[in-house]
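Use these hints to put chain B onto chain A, whose structure you have.
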Amino acid sequence: MRNIIAVAGVVIKELYRRKDFYVLFIVTVLICLVMASVNIFNDDKIVRYLKELCLLLVLVSSLVIAISTTARQIPAERENRTLLPLLAKPLSRVQLLLGKFFGCWIACGLTLLCFYVFFGALSASREHHWPLLQYFQAGMLHWFALGIIVAMALLGSLVFAAPSSNSTICFVVVGGIMLVGRHLDKIALPLPEPVRSLTMAIYYAIPHLEFFDTRDLIIHNWPLIHWNYFGLAMLYALAYIAVFLTGASLVFRRHAVN
Amino acid sequence: MASILKTDNLRVEYRSREMRHATKLALQGLNLEVNAGEVFGFLGPNGAGKTTTMNVLLGFVQPTSGSASIFGIDVRQPIARQRIGYLPELTYYYKFLTAEELLRFYAKIFGLARAEADQRIDHLLKLVELEHARKRPIRSYSKGMQQRVGLAQALINNPDLLILDEPTSGLDPLGRMKVREIIQRLKHEGKTVFFSSHELGEVETVCDRVAIIHRGELKVVGRVDEIRKPQHANLEQAFLEIIGFQSEVAT
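So the sequence lines, in the order shown, correspond to chains A and B.
In terms of this note's numbering, the first sequence is residues 2 to 259.
In terms of this note's numbering, the second sequence is residues 7 to 257.
Hints are computed from structural coordinates only; laboratory data are not their basis.
Quick caveat: nothing in here was measured; it's all calculated off a predicted structure.
By construction, the Cβ of each residue, glycine as well, lies at the ideal position given by its N, Cα and C atoms.
Some hints could be false.
[What the hints assert, rightly or not] With a cut-off of at most 20 Å between alpha-carbon atoms, the simulated SDA-like pairs for lysine to any residue come out as follows:
no.: 1; chain 1: B; residue 1: 114; chain 2: A; residue 2: 10
no.: 2; chain 1: B; residue 1: 114; chain 2: A; residue 2: 103
no.: 3; chain 1: A; residue 1: 14; chain 2: B; residue 2: 142
no.: 4; chain 1: B; residue 1: 114; chain 2: A; residue 2: 9
no.: 5; chain 1: A; residue 1: 20; chain 2: A; residue 2: 114
no.: 6; chain 1: B; residue 1: 114; chain 2: A; residue 2: 83
no.: 7; chain 1: A; residue 1: 20; chain 2: B; residue 2: 102
no.: 8; chain 1: A; residue 1: 20; chain 2: B; residue 2: 101
[To be verified] Here are some chain A residues pointing at chain B (derived, C-beta under 7 Å):
no.: 9; residue: 81
no.: 10; residue: 92
no.: 11; residue: 258
Chain A on its own, in the form it takes in the complex (with noise of 0.2 Å):
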């Protein structure tokens, strides 16, 4: 546990020294105090839109943080050569992996924080009320789908040597999962055999990030998602974090250092 501590704790410190963030940060902070100025019509319910544009753009800013921080930590190691003294200690390249994904994970979720509170304050300033729990499941679901995609992008790193390829490859398949996923079952019914299977297959085999997905939850102020669904989302997440985290493992342990 040592260990993963140590190697994580490298990795936050990477994201807040590097400007990734803080360029995000300060990109949705500046368009939504823009659009917040706006008066459009008098209408109250304009803030409805501004919210939706605000969580659209951390949703997107934290995709950005998770797979770009997460695509190069493996292959930037190799490169600069710094995984060789690391694993020349007494380290295992499990517990490397643990670290990078804890690490990187970690480090999602205090951006995310900043992203919510921001969120938070921009709402209230608009609405006078702070909706705590529904921000707290947002968030957490939030943090757990990026859970998904840190593991998914850090196998990815093992499989494709060049970051640039990993990120725009995660990229596609988040993007395309967010898009299409929800509806392969649909569009496979009408397919002939074996392509409808396939696409079954696909359907059932991709997590769903979709289930974490609870925009419109804090946009039209709907009432709290029942925390046993809650808890189960939250099951599922780990599911498909730890069949991610064990497929690098496997990758890893074959992987030459040099």
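Using the frame of chain A, we list chain B on its own:
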């Protein structure tokens, strides 16, 4: 004298992607023994198998046959690495960390207590003459400073055995001299140093014994003065003769 590093009939074959050459023989039947407290030079031309040997010793590469042990423990056991320090060739450490943070990170991996880590970090930064730059990010370091911070990380656990892969590679004469001084200081402290180098003058200065390897095969092992036979002016001439190089100018 107790041997703390030993390879027994070590053989490593790499699979080649080219169809014609199914395997590449990197090491063939390497037998080496390094005794406690000695500085051992590991020499050979590029591609001779020096780095492969080090990779086996560090557990990065599995030998095809034969065995290797450090302190009597099979190198495949992670615990064998608890008492060794390793400096790879040309490493670019985490640019966003300072030297102090980098050493603290490695100290955590070895499980050093906070007070002990502080003491080791102070001692090592003084040893490698980086005290003045301890709070500066590594990205601002020169190549020589980066190599010295690498040497410091290799020493963080106060290892009994140091494995250095071309520690002076790419350094200017002043940088090389500083690294050489550190190796000599470690020798006086009773540390065992196993290092590869192309700088034969440096090897002659600091090593007690050397081994010369060529095309994966051990050609000679012994004391520097034994290898540097009376007819050879220096180790470089002996080295060239052992690996079978004949100068076109001479012929």
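Can you list which hints this structure breaks, lowest number first?
none
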